[in-house]
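Undergrad: If you're matching them up, the sequences are chains A and B in order. The letter at position 98 of the first sequence is residue 98 when you use my numbering, and the numbering goes up by one with no holes. The letter at position 186 of the second sequence is residue 186 when you use my numbering, and the numbering goes up by one with no holes.
Be a bit skeptical, because a hint or two may be false.
Facing chain B, a subset of chain A residues (Cβ under 10 Å, in silico) [as the list claims (entries may be wrong)]:
{"hint": "1", "residue": "Gln7"}
{"hint": "2", "residue": "Trp10"}
{"hint": "3", "residue": "Gly21"}
{"hint": "4", "residue": "Asp42"}
{"hint": "5", "residue": "Arg52"}
{"hint": "6", "residue": "Asp270"}
{"hint": "7", "residue": "Ala271"}
{"hint": "8", "residue": "Phe273"}
{"hint": "9", "residue": "Val277"}
Just so you know, these hints were derived from the structure itself, not from any lab. Remember, predicted model here, so these are calculated numbers, not experimental data. The C-beta atom is built at its ideal place from N, Cα and C for all residues, glycine as well.
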Amino acid sequence: MGSTLAQKVWDSHVVHRVATGSDLIYVDLHLLHEVNTPQAFDGLRAAGRGVRRPDLTLGTEDHNTPTIGIDRPIRDLDGRRQSELMRRNCAEFGIPLHRLGDPGQGIVHVIGPEQGLSRPGMTIVCCDSHTTTHGAFGALAFGIGASQVEHVLATQTLQLRRFKDLDITVTGRLPDGVTAKDLVLALIATIGTAGGQGHVIEYRGAAVADLSMESRMTLCNMSVEAGARAGMVAPDATTLAYLRGRPGVPQGAAWDAAVRGWTALRSDPDARFDTSVVIDGAALHPYVSWGTNPAQSVPIGGRVPAPADFADPEESAAARRALDYMALQPGTPMRDVPIDTVFVGSCTNSRIEDLRATADVLRGRRVADGLHMMIVAGSAAVRRQAVAEGLDRVFAEAGADFRAAAGCSMCAALNEDRLQPGQRAASTTNRNFEGRQGKGARTHIVSPPVAAATAIAGRLAAPADL
Amino acid sequence: MRPFTVHTGTAAPLRRSNVDTDQIIPARFCVRSTRSGHADSLFADWRDDPGFVLNRPGHRGATVLVAGNDFGIGSSREYAVWALQDYGFRAVIAPRYGDIFRENSLLNGLLTVTVPIEAVEEIWAAVEADPAEPVTVDLERLQVRCAGNVTAFDLDPDVRERLLHGLDAIAMTLREEELIVRYEASRHPALPTTR
Ligand code: SF4
Numbered sequence: 001m002g003s004t005l006a007q008k009v010w011d012s013h014v015v016h017r018v019a020t021g022s023d024l025i026y027v028d029l030h031l032l033h034e035v036n037t038p039q040a041f042d043g044l045r046a047a048g049r050g051v052r053r054p055d056l057t058l059g060t061e062d063h064n065t066p067t068i069g070i071d072r073p074i075r076d077l078d079g080r081r082q083s084e085l086m087r088r089n090c091a092e093f094g095i096p097l098h099r100l101g102d103p104g105q106g107i108v109h110v111i112g113p114e115q116g117l118s119r120p121g122m123t124i125v126c127c128d129s130h131t132t133t134h135g136a137f138g139a140l141a142f143g144i145g146a147s148q149v150e151h152v153l154a155t156q157t158l159q160l161r162r163f164k165d166l167d168i169t170v171t172g173r174l175p176d177g178v179t180a181k182d183l184v185l186a187l188i189a190t191i192g193t194a195g196g197q198g199h200v201i202e203y204r205g206a207a208v209a210d211l212s213m214e215s216r217m218t219l220c221n222m223s224v225e226a227g228a229r230a231g232m233v234a235p236d237a238t239t240l241a242y243l244r245g246r247p248g249v250p251q252g253a254a255w256d257a258a259v260r261g262w263t264a265l266r267s268d269p270d271a272r273f274d275t276s277v278v279i280d281g282a283a284l285h286p287y288v289s290w291g292t293n294p295a296q297s298v299p300i301g302g303r304v305p306a307p308a309d310f311a312d313p314e315e316s317a318a319a320r321r322a323l324d325y326m327a328l329q330p331g332t333p334m335r336d337v338p339i340d341t342v343f344v345g346s347c348t349n350s351r352i353e354d355l356r357a358t359a360d361v362l363r364g365r366r367v368a369d370g371l372h373m374m375i376v377a378g379s380a381a382v383r384r385q386a387v388a389e390g391l392d393r394v395f396a397e398a399g400a401d402f403r404a405a406a407g408c409s410m411c412a413a414l415n416e417d418r419l420q421p422g423q424r425a426a427s428t429t430n431r432n433f434e435g436r437q438g439k440g441a442r443t444h445i446v447s448p449p450v451a452a453a454t455a456i457a458g459r460l461a462a463p464a465d466l
Numbered sequence: 001m002r003p004f005t006v007h008t009g010t011a012a013p014l015r016r017s018n019v020d021t022d023q024i025i026p027a028r029f030c031v032r033s034t035r036s037g038h039a040d041s042l043f044a045d046w047r048d049d050p051g052f053v054l055n056r057p058g059h060r061g062a063t064v065l066v067a068g069n070d071f072g073i074g075s076s077r078e079y080a081v082w083a084l085q086d087y088g089f090r091a092v093i094a095p096r097y098g099d100i101f102r103e104n105s106l107l108n109g110l111l112t113v114t115v116p117i118e119a120v121e122e123i124w125a126a127v128e129a130d131p132a133e134p135v136t137v138d139l140e141r142l143q144v145r146c147a148g149n150v151t152a153f154d155l156d157p158d159v160r161e162r163l164l165h166g167l168d169a170i171a172m173t174l175r176e177e178e179l180i181v182r183y184e185a186s187r188h189p190a191l192p193t194t195r
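Go ahead and model the full structure; you've got the sequences and the hints to work with.
TA: Shown next, in the form of structure tokens:
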């Protein structure tokens with residue numbers, strides 16, 4: 001029997017098979033950010049251990065950092081201390097760190113790919129659940145907690161039980177105006193927040209093959225919202241075109257050799273998946289979330305559901321709570337939901353393609369009166385590129401607030417960018433959990449084109465509605 | 001890590017599914033840099049509600065949390081585990097968990113037990129009827145016991161061993177250091193480095 005892509009990557013990283021059935025897996029790249037890590041370094045010091053491979057480890061500052069006034073110290077004292085500890089810990093253990101203001105700084109899941117560090121066939125871990133993003137390259141990439149961070153720092157390995165395999169085949173061609181974000185929201189609405197639990201998703205099919213690397217990253221990013229450990233796309237010509245010429249990526253004969261290895265990384269025709277799901281890509285629409293988990297999403301032409309629409313009593317109860325928190329009436333058309341804040345950013349949708357899609361909708365238009373639209377690039381490099389393409393002018397002319405620095409910004413309310421209680425946002429982020437963007441704040445997850453159209457309309461809208 | 005063998009205590013019935021780690025501890029409390037001191041941040045936004053289970057007098061001092069499906073989904077923040085432990089919880093009982101939360105919990109000695117939803121319902125009913133009804137989580141016999149009901153559960157044998165004896169996972173891996181060195185020698189030279 002053949003192997004899946006995920007099994008092939010796993011098998012090539014087994015350091016040791018433990019008799020009871022788990023494997024010691026080698027980690028090729030360990031990414032760090034300032035949250036979730038000080039405790040791991042304290043643990044190392046307390047045990048008198050060092051960092052085994054600082055040369056396979058990279059830190060960045062993204063979660064706590066401000067997006068304006070970056071020369072001022074972080075206002076929140078705990079957050080400032082966490083960032084100071086990050087700098088001290090990286091210096092002490094010889095780990096390279098992109099500090100706020102550095103040209104290579106940005107959201108950890110944006111800079112890995114853009115710096116050519118995320119490549120096919122690698123194992124990549126980070127103290128962050130959206131590490132699944134890097135799977136777009138055919139890497140096995142997943143989030144870990146602080147104790148596992150400490151384990152990787154000390155040993156460059158993790159002891160894990162093999163993940164299961166979930167095949168998600170998306171057939172057909174996505175209609176115009178439907179993005180990878182809509183695809184993944186539709187998928188999560190179909191299989192639920194636990195649909196991928198314990199599994200690695202491999203995304204396959206014609207609609208996935210058509211996606212750019214940026215879009216594949218959006219897709220893999222939200223695999224964790226379907227409960228999956230990781231999401232992967234097998235490397236192909238699109239992957240190679242993205243990687244070619246990036247820093248440190250092999251060149252010449254070494255490139256050819258690397259390509260031979262990478263293109264062999266695909267699931268065998270007779271590979272066995274534990275679970276399979278088929279989605280008709282051609283039938284999809286732009287999706288928006290109405291509730292407090294990403295599975296609570298509907299097409300933008302749909303309506304807010306009623307608790308009674310859900311046969312499962314648990315889902316019905318969850319819908320009742322979500323409607324209460326979101327202050328929505330069942331039956332309301334999604335397009336009638338008024339929005340006061342639009343946020344374009346986060347590791348899901350803050351790459352150059354996302355900013356271009358946003359600018360395409362904003363060009364020649366004005367953001368609705370009284371609505372605040374904030375755009376935050378995923379990395380300093382993305383921001384430079386946007387400026388080079390004149391997108392900053394498009395944003396300014398439309399009345400949007402394009403922030404000076406890159407980072408997580410309003411995605412997780414860990415810095416000064418956060419919503420006030422009762423505010424309602426359309427966000428290109430990945431989580432609409434209660435309080436995610438600020439205590440009492442309400443989040444509708446959307447794609448960048450829908451975010452931009454919503455900013456113009458002042459209520460949830462797709463570009464075709466303008 | 002503090003070993004876990006058998007624990008008996010009172011339980012808090014959390015009748016919710018999809019409890020994400022942003023609810024267990026909102027992000028604004030994850031800027032702290034220590035493993036302890038998070039008890040007050042646990043379910044911080046829900047605790048504003050006087051009817052929330054942890055605010056009900058009968059469930060004060062509960063050491064076992066009993067939750068619905070998919071407890072601990074979302075962010076990888078280990079703060080969620082530390083906050084539960086700081087508050088006094090030694091075990092969680094639920095039908096399913098977010099994968100990363102589960103791994104984090106078991107590395108910290110917070111035993112997360114998986115039982116069918118029917119067993120969760122039985123415990124909810126028993127401890128709601130009488131909050132003093134004790135719940136026993138027995139890692140030696142792989143059983144949950146409450147109000148005369150006995151439910152078996154499963155746990156990875158490596159993890160069970162580690163929890164029973166409070167072993168240090170890193171020390172155990174470092175015993176295989178020779179194999180790590182050997183693996184490293186075989187890694188492809190074209191793999192990226194960060195400096
Ligand atoms: S952008 Fe949001 S989801 Fe992504 S790493 Fe930052 S806080 Fe996490």
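Undergrad: Given a cut of 10 Å on the nearest C-beta pair, is the interface hint for Ala271(A) held or broken against chain B?
TA: Because about 22 Å separates Ala271(A) from the closest Cβ in chain B, which is outside the 10 Å limit, the hint is violated.
Undergrad: Closer than 10 Å between Cβ atoms is the bar; does Gln7(A) clear it against chain B? Give me holds or violated.
TA: 18 Å, violated
Undergrad: Would the hint on Gly21(A) be counted as holding, given a Cβ-Cβ threshold of 10 Å to chain B?
TA: For Gly21(A), the interface hint holds, since the closest Cβ of chain B sits about 8 Å away, which is under 10 Å.
Undergrad: Interface hint check: Phe273(A), Cβ to nearest Cβ on chain B, cutoff 10 Å. Holds or violated?
TA: Given a least distance of 18 Å, the restraint on Phe273(A) is violated.
Undergrad: Is the interface hint satisfied for Arg52(A)? The criterion is a beta-carbon contact with chain B at less than 10 Å.
TA: This interface hint holds because 8 Å falls under the 10 Å limit.
Undergrad: With chain B as the partner, please determine if Trp10(A) meets the hint condition of a C-beta pair closer than 10 Å.
TA: 14 Å, violated
Undergrad: With 10 Å as the cut and Cβ atoms as the points, is Asp42(A) at the interface with chain B?
TA: At 8 Å from the nearest chain B Cβ, Asp42(A) passes the 10 Å test, so the hint holds.
Undergrad: At a threshold of 10 Å, is the proposed contact between Asp270(A) and chain B supported by beta-carbon distances?
TA: 27 Å, violated
Undergrad: Does Val277(A) pass the interface hint, meaning its C-beta sits closer than 10 Å to a C-beta of chain B?
TA: 18 Å, violated
In terms of the numbered hints stated before, the structure departs from hints 1, 2, 6, 7, 8 and 9, listed from lowest to highest.
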